Structures are given as structure tokens and as C-alpha cells.
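Peer 1: In case you want the letters, here they are:
2 protein chains.
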Amino acid sequence: MKPKLNDVAKLAGVSATTVSRVINNHGYLSQKTKDKVFEAMRELHYQPNNMARSLQGKKTRLIGVIFSDISHPFFGELVSRIEKLLFAQNYKVILCNSADDPQKEREYLQMLMANQVDGIIAGAHNLGIEEYQQYGLPIISFDRYLSDNVPIVSSDNQQGGRLATQALHQAGAQKIAIFTGKNHAGSPTNGRREGYEAYLKTAQLTPHFHEIPFEWSPALKMMTIKKILVANDYDGVFCSDDLTALLTINVAKQLQLSVPDDLKVVGYDGTALIRNYHPDLTTIEQPLADISELLVSLLLQRIADAECDLEPMYQLPVKLVKGITA
Amino acid sequence: MKPKLNDVAKLAGVSATTVSRVINNHGYLSQKTKDKVFEAMRELHYQPNNMARSLQGKKTRLIGVIFSDISHPFFGELVSRIEKLLFAQNYKVILCNSADDPQKEREYLQMLMANQVDGIIAGAHNLGIEEYQQYGLPIISFDRYLSDNVPIVSSDNQQGGRLATQALHQAGAQKIAIFTGKNHAGSPTNGRREGYEAYLKTAQLTPHFHEIPFEWSPALKMMTIKKILVANDYDGVFCSDDLTALLTINVAKQLQLSVPDDLKVVGYDGTALIRNYHPDLTTIEQPLADISELLVSLLLQRIADAECDLEPMYQLPVKLVKGITA
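In the order they appear, the protein sequences are chains A and B. In the working numbering, each number is its position in the first sequence, counted from 1, plus 778. In the working numbering, each number is its position in the second sequence, counted from 1, plus 778.
To be clear, the hints were calculated from the coordinates, so they are not data collected in a lab. It cannot be assumed that every hint is accurate.
No copy is singled out in the list; a pair is fine if it fits within one copy or between any two copies.
[As the list claims (entries may be wrong)] Calculated cross-link-like contacts (lysine to aspartate or glutamate; reagent style EDC-like; alpha-carbon spacing at most 20 Å): (1) K862 <-> D1058; (2) K960 <-> D921; (3) K837 <-> E885; (4) K780 <-> E817; (5) K1031 <-> D1058; (6) K862 <-> D847; (7) K862 <-> D879; (8) K862 <-> E885; (9) K960 <-> E989; (10) K862 <-> E993.
Here the structure is a predicted model, which is why all the values come from computation and not from measurement.
Next comes chain A alone, as it looks inside the complex (with noise of 0.2 Å):
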């Protein structure tokens, strides 16, 4: 049976009333009171009926986007693109900076249940996954899972390690390395990963991991970097982001290794930052006109029907940017 508003209300020891004042967002409303309505409105699967929603005619015409940092070039240029084009049709975005900050990822996805925004666009990964169990609501993520029901916009990591493990194994690297992220359940270096590993499966070659976790500080990577390449005698790298792959490179002039012609390096991403300013750099390039144009396709197609049927994964291609870095 679907939970009621007095389920809720009962679950979250408060009375109806505050309960509706919390969905709707009205009057002043403590935060542990709204913690705890919000605690077992997610507790009961409970969601706030969306004809009831709509008949309100409660549009905000507000989509909160929530990624990690848009400092990162990455994320600059995807919010910076999607902002653009839910503009066109409308809508304005509030931001959100999610980085190692849960509560703060948390406190959007409330302002989702309580009609503060009409949709979220999520390319950030504090929260467990459990939390993003609400059915119904119209959230599209970018790049992981974050629940059955929930589409994931992403382009084909796997593919991208592969063309870069290739790019490298063709330029005439034979001790091929990967530079990656932690192994987080359904984040999207994990495809990366598997790509270079089934590449080195076909060429006969041994895969060699190291981590270098994307929240580490530049100087932490690089020292890690520079004892990394001074153990091993790697003539190639797969770094599966733009930035490791440039710290990369400054280690090894460091280190009086001469790229290419001693190591070989391949990045990540293709930013236009990227291309524009490190053409040396060869790279995979994520389509980002693509990847945000269908985010925000999927989103208002979401916002307009609850009930809309959407792919599960959306998985764009990817393509090698040759630059003379490998």
C-alpha cells in the first residue's frame, strides 16, 4: 500500500500539518524538524503525489545541478553548458558544489521532495545510494548509478581506456600503467579501467594499477606520481583525467624523462581548456555538447511526465585527440 502523508507524519513523531508545511515549504520550519520529515518520507518510499503537485501549478522553473566542483575544467564546462541550455527553455539553475560534502548534496535532493526545484541534474557521488531510492521524481545522473530509477547519461568509459591504452601500445609502449581513481561502486573510472585491462588482455600485456585519489591535492599526486615512475619503468601511462596526466607530464620533466620518446602519456576528457591550451596533449575527448544536451532533453521530458519511459543508460561514443604526447 503507498504510505500517506499520516504515515509519515507519525514515523517523524510530528503532526500532518508540519508535515505539509515541510513539502510545500512553508513558514518557518526548524532543521531538525525537516530532517526528520525528510527522514521518513525517504524511511516510507513516501513522495508527494505529482498530479497533486502540478494541479498546484508549483513550477519553479528552477533545476538544481549538483556536481563535485566546477573549478575542475571538467565540470566548469559541462554546468557552464547546461546552464546555457535550460536558459533557452526557461528554466535557471541553482548550483550546487557537492564536494566531500554529503549534507550538502542531501540538502538539494530535499529542496527536489519539497518543491523547491522542479528537477536535478547529479553528477556527484557522497551520497549512498540508497538515499537516492525515491521513485518518481525527476532527477538524471551523469555518469553513475544512482538507483533503478534514476537514467545515467554517461559516454563509453570502457571504449575511451581501450583507444587509450591502444594509442599508447601503438605509439610503442610496452609497460603500459593506469593512473586512476579509487574503485567506488558505480563510479565511472571503473569502465576506464576495464577498457585499459581488456586492451593489455589482447596485446599480452600485464596491466599495472596505481590510485590517485581525484579528492588528493595536486602536490600530494604529484609526489606519488614521482615515486611511482622513479620505482617502475613504465614507457607508458594512462591517467583517466586531463589534470593527472599534465602533473604527469611535469614529473617527468622532473625526472628528465623525455615525453614521448621515454614515456608516453594519455589523458582523459578533452575539455576545451584542453584542446585549446594543451593541443600536445593526446587525450580522449567526452562529447560534452552531446552529454549535456541530453541530460537536460532527459530531464524535461522527465519533468513534463513522471511516468515517461526512459532508457536506463544513455552511453554516448568517445574519440582519440592526437596530440604528440603519445
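Position chain B against the provided structure of chain A, taking the given hints into account.
Peer 2: Okay, now just chain B, sitting in the frame of chain A:
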């Protein structure tokens, strides 16, 4: 005499009810009607009574943040910092990338007039200054003059221009050019240009100005830089932003000019991205942490008290970050 709601209605050729609905963003209104009403409000310098506003208790806890494009690393880092500071104060950010779109910038000012946001932080420059001549509205500007009633936060661009030119000169350069944006009224690069000129005058050297418009594509910028470097025998270039400095270094490489031996280069901005991934670049660092804290603190003061006494201009110190390019 202060203009009244009826005066706005009369000038706009609509009913007083319509004006009220525009101001309170209530019910369906065509864009044409809204434009007419806002136009009349602007012309008459009409503003909704602030007291009435706060009595309505209509705080949205939303702040409009308008910069040309967050895919530019400087604006990406600045907006990321602003968003984090505002979130900590229980405000959320509505993001506007206004590049090349005065209508977009205008629409955010209308949101402010219509009480849909509580305040605006603006670093864009599409609109004529007259559009910002509403007084009393909580707006803080980054780095450019908008109106007498809008405080400006900026870094010391003149001092930055002097420091950059001095660094080139002390590194041995004698024929020092500046690559900078167009000479817009109120643009921050004017100060950098003035500092450059002032230093050269003291050193009894001749200035060489070259305009590389900010909005040009990187490819066009590179073509232009190549022509300039081929046609002149500069041994030093001060670029008024770091990305142009990176392009200049790339062009020098193509022309087989050694940096810094044949050509010394100094940039401007010194974002975390540049300092972490291009530690070689000598640049002028703007204090982004202090800038964002001041922007947010001044805005919150003005939201709390529309009449509060703020300085017209807050100028923060810059510093030289020494790499190896000069």
C-alpha cells in the same frame, strides 16, 4: 517626488494590478508585458518599497551570481568559492553565464526587481551602466563600475600591472609589450594597462600595446599573437590574463623562441588551476579567497540593511608568483 506604482502603470500602458503582478511575479505574464513594466520601472527609477518588501517576509534565500562564463578557470574558481560561502550562510546560488548575452543579464536584474532573488553578485559587462542605476537594490560588483550605488570589489590592477612589468624588466627584458583586452570603460584590464605604462615610464622604456579581445577564440588569438611576435622583436610580454600567457608560450615554441631566454612572459590571475598545473608560469595572483569573502560579506550586509554605509570601492592587494617564464 518619489515615483508611485500608478506612475509605472501609466508609463507602461498597463493596469496597476499588472505592475503589482510583475513585481511579485504572480500569475502568467507575457515577456512583452514584463519588459514594458521593467522598462518603465527603470525609466522612473521606481523601486518596490524595501520596508514593504521585508514586511512581506519574501526572502527567497537565493542569490543571482552573474559572470561571463564559468568554463573560464578564473570565473569557475571564483563562483565555486562564492557558492560555498553563501551556502554556509544558508543561501543558494542561481548561476548566470552571461557571455555575449545582455538580455540574459537583464533578466537577472528583473528577477531582483521582482523579489525572486535577494541579491546579485555581478562580474559581467554586457549591459550599459544605466541599467544598473536602480539604487537601494542589493548588488555588489566584481572588478567593474556599474553605478554609483553599487560597491566594487577588485584587486589592485594598477599595482598588478606594475609588478608584472617590473618582473619582466628585472629579468632582463628591454622591449616589453602588453597583450590585453579591449579598452572598455570600467574594465579591470585598464588598470593593468595603466600600471604597465607607469612602470615603463619610470624605467624610460617605450610601451607597445596590442589588443587581443577576451571574447576571441583561442585559435584566432594564437594567429594574432604569432603575427605580432613575428613582426616585432619583443623580449618580454605582459599578458593581462594567464590563458593568453599560455597561448603566447605555445606560439613562442612554434616559432622556436626559447622562453625565458628569447622571450619572457608574465601572466595575470594566478588561479589554483594555473599555480598547480603550470607552476612554471610567472604570474600576478589575485587573492580569490579574500575577493569572494568580501563580495559575499558586503552583499549580506546590504541585504540585511539596504541603507547600510559601504565604500564605493574595495581594492585588495595582489602578489607576484615567480615561475621560470620571467
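Peer 1: At most 20 Å between alpha carbons: which applies to K862 and E885, within, between, both or neither?
Peer 2: Only across copies: K862 and E885 sit 14 Å apart there, 24 Å inside one copy, limit 20 Å.
Peer 1: Is it within, between, both or neither when you check K862 against E993 at 20 Å Cα-Cα?
Peer 2: between (28 Å within a copy, 17 Å between copies)
Peer 1: When no copy is named, should K960 and E989 be tagged within, between, both, or neither for a Cα gap of at most 20 Å?
Peer 2: within (6 Å within a copy, 45 Å between copies)
Peer 1: For K862 vs D1058, is the C-alpha pair at or below 20 Å within one copy, between two copies, both, or neither?
Peer 2: Neither, since 29 Å and 34 Å both go past 20 Å.
Peer 1: Is it within a copy, between copies, both, or neither that the alpha carbon of K1031 lies no farther than 20 Å from that of D1058?
Peer 2: Both. Shortest intra-copy (15 Å) and inter-copy (12 Å) distances satisfy the 20 Å Cα cut-off.
Peer 1: Have a look at K780 and E817 and pick one of within, between, both or neither, based on CA distance no larger than 20 Å.
Peer 2: within (17 Å within a copy, 50 Å between copies)
Peer 1: With 20 Å as the alpha-carbon cut-off, assign the pair K862 and D847 to within, between, both or neither.
Peer 2: both (18 Å within a copy, 10 Å between copies)
Peer 1: For K862 vs D879, is the C-alpha pair at or below 20 Å within one copy, between two copies, both, or neither?
Peer 2: This pair counts as between: shortest inter-copy Cα distance 11 Å, intra-copy 26 Å.
Peer 1: Taking 20 Å as the upper bound on the Cα-Cα distance, should K837 and E885 be classified as within, between, both, or neither?
Peer 2: both (19 Å within a copy, 18 Å between copies)
Peer 1: When Cα atoms must be at most 20 Å apart, do K960 and D921 count as within-copy, between-copy, both, or neither?
Peer 2: Within one copy, since 15 Å is at most 20 Å while 40 Å is not.
Checked against the numbered hints given earlier, the structure breaks only hint 1 and satisfies all the rest.
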